[in-house]
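Number of protein chains: 2
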Amino acid sequence: MRIVLDAMGSDACPHPEVDGAIQAIEIFGDEIILVGDSTQVRPLLEARGNPGKIKLIHAEETITMEDKGLKLALKAKRKNSQTSMAVGMDLVKNGEADAFITAGNTGGALTTAYFRLGVMDGVERPGLTAMVPTKDGFCVVLDIGANPDCKPEHLLQFGIMGSVYAEKALGVARPKVGLLSNGEEAGKGNELARAAFPLLQASTLNFFGNIEGKELFGGDVDVAVTDGFTGNVLIKASEAVAKLLVDVLRESMLSSTRTKIGALLAKPAFTALKGMLDPDEIGAAPLLGLNGLVFVGHGRSNAKAIFSAIKAARSAVDAQLIEAMGSAIQEQLQQTS
Amino acid sequence: MRIVLDAMGSDACPHPEVDGAIQAIEIFGDEIILVGDSTQVRPLLEARGNPGKIKLIHAEETITMEDKGLKLALKAKRKNSQTSMAVGMDLVKNGEADAFITAGNTGGALTTAYFRLGVMDGVERPGLTAMVPTKDGFCVVLDIGANPDCKPEHLLQFGIMGSVYAEKALGVARPKVGLLSNGEEAGKGNELARAAFPLLQASTLNFFGNIEGKELFGGDVDVAVTDGFTGNVLIKASEAVAKLLVDVLRESMLSSTRTKIGALLAKPAFTALKGMLDPDEIGAAPLLGLNGLVFVGHGRSNAKAIFSAIKAARSAVDAQLIEAMGSAIQEQLQQTS
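Listed in order, the protein sequences are those of chains A and B.
Numbering of the first sequence is given in my numbering, commencing with residue 353 and proceeding in unit increments.
Numbering of the second sequence is given in my numbering, commencing with residue 353 and proceeding in unit increments.
Check the hints yourself; a few may be wrong.
Copies of one chain are not kept apart here, so a pair can be met inside one copy or by any two copies together.
Unchecked claim - Derived lysine-lysine pairs resembling DSS-like cross-links, with alpha carbons at most 25 Å apart: (1) 595 to 626; (2) 626 to 487; (3) 566 to 420; (4) 656 to 405; (5) 595 to 540; (6) 487 to 663; (7) 487 to 612; (8) 619 to 595; (9) 540 to 420; (10) 429 to 540; (11) 503 to 431; (12) 423 to 540; (13) 663 to 626; (14) 405 to 445.
Since the hints were made in silico from the structure, they are not lab data.
All chains, full assembly: derive it from the sequences and hints.
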């Protein structure tokens, strides 16, 4: 297995990438290819005593958080683009690597993947996913931002892609797929959700029906499907609520000696909460519907997050996710044609 | 001031309603009219030694959580409807009361209000609001479910209604109004949000621009505007995240003697968190855009929540909210015509 890692992705790049790659090499022993500015990466790799299996491929440019619009499109599409994302994804495209990981600009990764890997045959829109912590584990939520305006068929395809990912890469048998709506009852929804409901119901998916936050965070479904606008608002609001609660709690804990002592004693209890809110445990979430595996992690990724991202990508490669997803999409197209 | 209270609204009705009304009478001294099944309400009122100013008006029927569709529409619209909501709102319509409060079926309240009070002149869609706790106070979010599909003009009117409510009833000077979107930059959004942005910007509102969860829960705006589908998903997801975190924390706290002792010592620190998540502090949120003040509280309302709802309704009556909102809507119509 050969994993390509964008060395220039995270806010603190290339340190987390180099350290995460070294950890992964030591545990998994796969080939890892770091792509990025070799003048920055090589000294670091050498200082860590590169365990040998980490290859370094130089890429002159990077896609930054400021790149957007036409500038981003050109960096992503240009034939000889020398951004670390373009160089890395070209390796996947040419069969020289099995998956690409970046902790960089999500829109940049999506745009680069769109132009360089292309959209899977039969897929109308690729989807951005998030792995959302729930009571019992995780829920794959998509789309969380690639497509602010969707058609009902897109939501059906998100359901198929999410379900295949949950089954193959996460090992969930017959994943339950829920449709985010403004009420649990069938018939609830905006125009889009109401039109997507019968498509999901008539599909071969294990369709759970409409869901609200309660079902999503309660762990009732393995996959939650929505348009990229609602999904994005949902994810960002959830993160903001969690942050607000933790901030309020932390501030109150520090407000008196008594509560400080209490907090110290209760510290082990905060570990579960911390673990649940720790994006480093998840590492990265996949872009689905492309001709190649691409995982995008948080800009604040540390070495542990990069390691987790590599682990997630490995599972997808192992499961031959692209082939499985292609078959599922073709099956759906035949069923509805 | 005369407040009508649906005695049959909350899950534990009419106990919280009777107790909340008595508390409010003792503190504010206004006239309160309880509407509901007098065979249930009267004995309770007498057992509490009705302090005199609480009037009781009998209403034969109630709107339950099961009422929906045509059945609900008929109960809401029928000329001689005897539901507690219809009887109560008719008092407001006929000028015999200044505001109506219920902790019952939100859709029932909205439908009854729509048919009995009617929509304010110039308002295209009434909006359901929620008062969302933030870092520094509250944010008025609307629409949270009355209109799953909206037009850009509806979002502008939600902005105006939310702003007038924040200014007049909550006392916020020049309320900042944000537009929920999938990114903070201007230009981000689905079709609806992108079309609403210039309308909000050209209005006389104190428009903050696009917002995400970070700004909403961080207290950067006083009003957050969105369609009823996204708003509903947002509110329910936020509640579910908060519940999940509190559940995880509680469970971990009880997992060992050490953490139990820690939790006991740290107890005062949890009070801030509890207060923030306590819907009873808010009591009820207004339906905006109707010819009359209607406040809807949570089904799980207790006496404290009913008391808070009465307090919120009083502020709106005091501020002559309906008149102020009517003027603001007329101003906007003149500006854009």
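Verification of the supplied hints:
{"no.": "1", "hint": "595 to 626", "in the structure": "both (11 Å within a copy, 15 Å between copies)"}
{"no.": "2", "hint": "626 to 487", "in the structure": "both (14 Å within a copy, 20 Å between copies)"}
{"no.": "3", "hint": "566 to 420", "in the structure": "between (35 Å within a copy, 22 Å between copies)"}
{"no.": "4", "hint": "656 to 405", "in the structure": "within (19 Å within a copy, 65 Å between copies)"}
{"no.": "5", "hint": "595 to 540", "in the structure": "between (30 Å within a copy, 23 Å between copies)"}
{"no.": "6", "hint": "487 to 663", "in the structure": "within (22 Å within a copy, 36 Å between copies)"}
{"no.": "7", "hint": "487 to 612", "in the structure": "between (28 Å within a copy, 21 Å between copies)"}
{"no.": "8", "hint": "619 to 595", "in the structure": "both (18 Å within a copy, 20 Å between copies)"}
{"no.": "9", "hint": "540 to 420", "in the structure": "between (36 Å within a copy, 12 Å between copies)"}
{"no.": "10", "hint": "429 to 540", "in the structure": "between (41 Å within a copy, 22 Å between copies)"}
{"no.": "11", "hint": "503 to 431", "in the structure": "neither (31 Å within a copy, 41 Å between copies)"}
{"no.": "12", "hint": "423 to 540", "in the structure": "between (41 Å within a copy, 17 Å between copies)"}
{"no.": "13", "hint": "663 to 626", "in the structure": "within (20 Å within a copy, 38 Å between copies)"}
{"no.": "14", "hint": "405 to 445", "in the structure": "within (21 Å within a copy, 78 Å between copies)"}
Consistency note: the structure conflicts with earlier hint 11 alone.
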